[in-house]
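Using the sequences plus the hints, can you model the full thing?
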Amino acid sequence: MEAITYELLHTCKQSGARRGVVHTPHGDIQTPIFMPVGTQATVKSMTPEELKEEVKAQIILSNTYHLYLRPGSKLVKEAGRTS
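Add 822 to the 1-based position in the sequence shown for my numbering, that's all there is to it.
Because the hints were derived from the structure by calculation, they are not lab data. Do not rely on the hints blindly, as some may be mistaken.
[What the hints assert, rightly or not] Here are the computed lysine to aspartate or glutamate pairs in the DMTMM-like style, where the Cα-Cα straight-line distance is at most 20 Å:
(1) K866 x D850
(2) K874 x D850
(3) K878 x D850
As structure tokens, this is what we get:
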């Protein structure tokens with residue numbers, strides 16, 4: 823299993839805000855970032871196309887416990903992974 827790492831690119835001297843990159847096995851995520859939350863495996867009121875093309879979401883947060891309850895681990899496993 824590959825590690826997830828964070829690379830700090832810049833820190834603002836006035837506010838302490840940081841800009842960086844989260845490196846994951848599935849790709850890099852520029853920070854700061856808007857991260858939509860998928861409740862029960864879905865981002866409400868937006869289509870996958872809107873998330874990808876209009877919002878340009880680099881990552882979507884999901885609660886694994888909710889995914890375990892519904893749709894269930896079997897269906898999640900069958901769906902596979904995407905990068």
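So, going through the hints one by one against the coordinates:
no.: 1; hint: K866 x D850; in the structure: violated (25 Å)
no.: 2; hint: K874 x D850; in the structure: holds (15 Å)
no.: 3; hint: K878 x D850; in the structure: holds (14 Å)
Hint check: a violation occurs at hint 1 only; the rest are consistent with the structure.
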